[in-house]
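The primary structure of each chain is shown beneath.
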Amino acid sequence: MAAGFAVSFAVAALVSPRVLPSQGLVRRLSAPAAASFSGAPVARLPAALDIRRLVPLGDRLGASRWAAVEHAAVARSRPTLHSAPVGVVPARTPDGTTNIVVADGEADSGGQPWVHVSLAMLPNGTEGWVPRRALGGWSFVDTRLVINRARLTLTLWRAGRVMFRARVGIGAPGTPTPAGTFYVRDRLSGFTDPMYGPLAFGTNARSPTLTDWPGGGVVGIHGTDQPNLIPGRISHGCVRLANSAILRLGKLMPIGTPVRIE
Amino acid sequence: MPPFDSTEGDRPRVSSHLSRGTLLKGSIAGLGALAGAAVGTTELAASPDAHGSAATDKEILTFGLLIERLQAAFYAEALRSAHLTGEVHQFAQVVGGQEQEHAKFLESALGSAAGNSPHFKFGDAVTDPAKFLATAISLEETGLGVYNGQGVNLTPASLAAAAKIVSVEARHTAWARALAGKLPAPVAVDATVSVTRAKQTFQPFIAS
Amino acid sequence: MTAGDGVRSLRLDDFDVDGAVRDTFEVMQCHTRSIFLRRTAGAGLAALGAVAAWPSEASAAATSDTAILNFALALEYLQASFYTEAERIGALHGALKQQADVVGGHERAHVKAFRQLLGSKAIKEPTFNFHGVTESADTFRTTAVAFEDLAAAAYKGQAPLIKSRSYLAGALAIHSVEARHAAWIRRLAGFLPAAKAFDEPLDAHEVVNIVNSTHFVTLQDPTTSSQTSPNFTG
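Protein chains in written order, with this note's numbering: chain A, 1 to 262; chain B, 263 to 470; chain C, 471 to 704.
Bear in mind the hints are in silico, worked out from the structure with no lab data behind them.
Do not rely on the hints blindly, as some may be mistaken.
What the hints assert, rightly or not - Simulated restraints, written as ranges between beta carbons of each label pair:
no.	chain 1	residue 1	chain 2	residue 2	range
1	A	Asp108	B	Gln352	31 to 41 Å
2	C	Ser590	A	Ser244	24 to 34 Å
3	C	Gly589	A	Pro231	43 to 53 Å
4	A	Thr80	C	Gly660	31 to 41 Å
Said to hold, decoys possible - Quick partial rundown of chain B residues pointing at chain A, CB under 10 Å, derived from the structure:
no.	residue
5	Thr324
6	Phe325
7	Pro391
8	Asn415
9	Leu441
10	Thr454
11	Ser456
12	Val457
13	Thr458
Unchecked claim - Far from chain B by the CB rule (all over 12 Å, computed), these chain C residues:
no.	residue
14	Ala561
15	His645
16	Asn679
Idealized CB from N, CA, C, for every residue including glycine.
Turn these sequences into a full structure, and let the hints steer you where they fit.
Structure below.
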């Protein structure tokens, strides 16, 4: 220990109640070991705070984003109040849940941001622009669902990996499941009617044929009390899974997941 | 079983009203316990808890004073001799001034316990701009690490006052690293530095 | 946020000597408050008073170590969500993007760590709406400056109240990282990384007020699940 160092600690020790005061300490070049401050005991970090690994987002980019609709808005053909209305984006779904929209583009126009969204109306695939301020905060999902009508399969993907696969029942020839790009809008459960199984997901897809169905002919993904019909073309447009499969899907697929029906 | 029950020993209890007043008024009053004067913090000063006492505060903050004096002298010397330019020059000016304020604050709080400053020698760390920056990073990281390690032993009032300094030391550290092209904050949780290791780092700069 | 409920009014001066944070909050408040007022125009003052969306378990009267840790967790949720959204939206480039990515990684790690430490006592993540501030470099930058200075000031306010030495060690180790973050983003925003010699603390009331003034914490989660019979075609 450099002598100069010891001097300063000796001076500190002089007035510390822990060391016997002695005028002689000030003059000496090296101080007794007790006079040197070697540090009070440090406390161990709780194990949880001993962070070794960070949480990067690297493998979760390329996600799609959705937001809740906070105020019903008119969707327009272009991002400006002066363009034609295309439809309405309501704040609630027919199931009484908060309506959400998936954004696939944004534009600044007239000093405010607009968001490009798909609507839940016929014809399927109708899109429009709504003001950003009608929506809540963003949520992100990195899953996507693909339903293949020819093969009667449903596949859940995440970051290029298959997470889940199942056989499905889809619309009968007179009441087909429509093709297109949609998204999971809400999640319903606890039904008294076993027809839908234990769990159901609503989408923004509409049946093109059952146009006077109560609630507008929403196409959903749900369980069934007739699993013997799966796989098959047997429904009124909905995508049906065996109950064990819909429950498994329910553990893996968040609200807002894009759905491609091909 | 709740994981949050402390098993490592509790710190002296603090009435939140008292500490908030101390925090907001800050500065010397908060170190009243340190100087042994009863400046409205008698509850803290009288605490017999083994994990915080005026004596330990004094030891820790005396070491902190050494850190501040060392750093202040380092920046002052570099400004005289290293021909620093641009943002590095501004860094040395701003940070050096703040280290001097830190030193003055601790001297005032420690009173006679502060003693005289040692003499320092920095060699080419204050003449060579590249060495200057590397040394600045080393001194700032070391000081920060010591404060973080020893801080758990301070009484709440002294901790509140010291934290105002530590926060700025962390900014200094980040700034120096940014100037050197390094990540200003390389880890999510800062490591502590032992007093022993700090002394090894500082030793070459203390003149005999 | 009103006088009369015993809560102190906003004091940016306590921690903002060079005006950087004040400018930020004025921008954020104008931007977000006008949005908020438009939305709640019908609901009037009652709605403004009801913006106590900040988790009540995490706020103001924090005296137990659990409450203090939850308060820290709440701030980490806010920061982590902000940086995560910025990274995902992808509007940042270069040095600013690097700051968002690295600092976001730290904040996410802090969230994970506090949740692990608190176990079942951890508060749930609030719902955030950042009102577009993550969608441009300029608004991101000024918001990040405010957040990091706020986080550092909040940790300074809470540290002396922590009883466990082990938790205090954690709080100090994270506080200095937040202060590093603050210096980092200030420099990127063209401000002095260290504007003054002593950084002031903020107590819990003050922090909650500031966060509430941004309206980033929304009133409720979207209700995306329900137990009604579906109105599907079947």
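Structure versus earlier hints, numbers of those that do not hold, lowest first: Of the numbered hints, 7, 9 and 15 do not hold.
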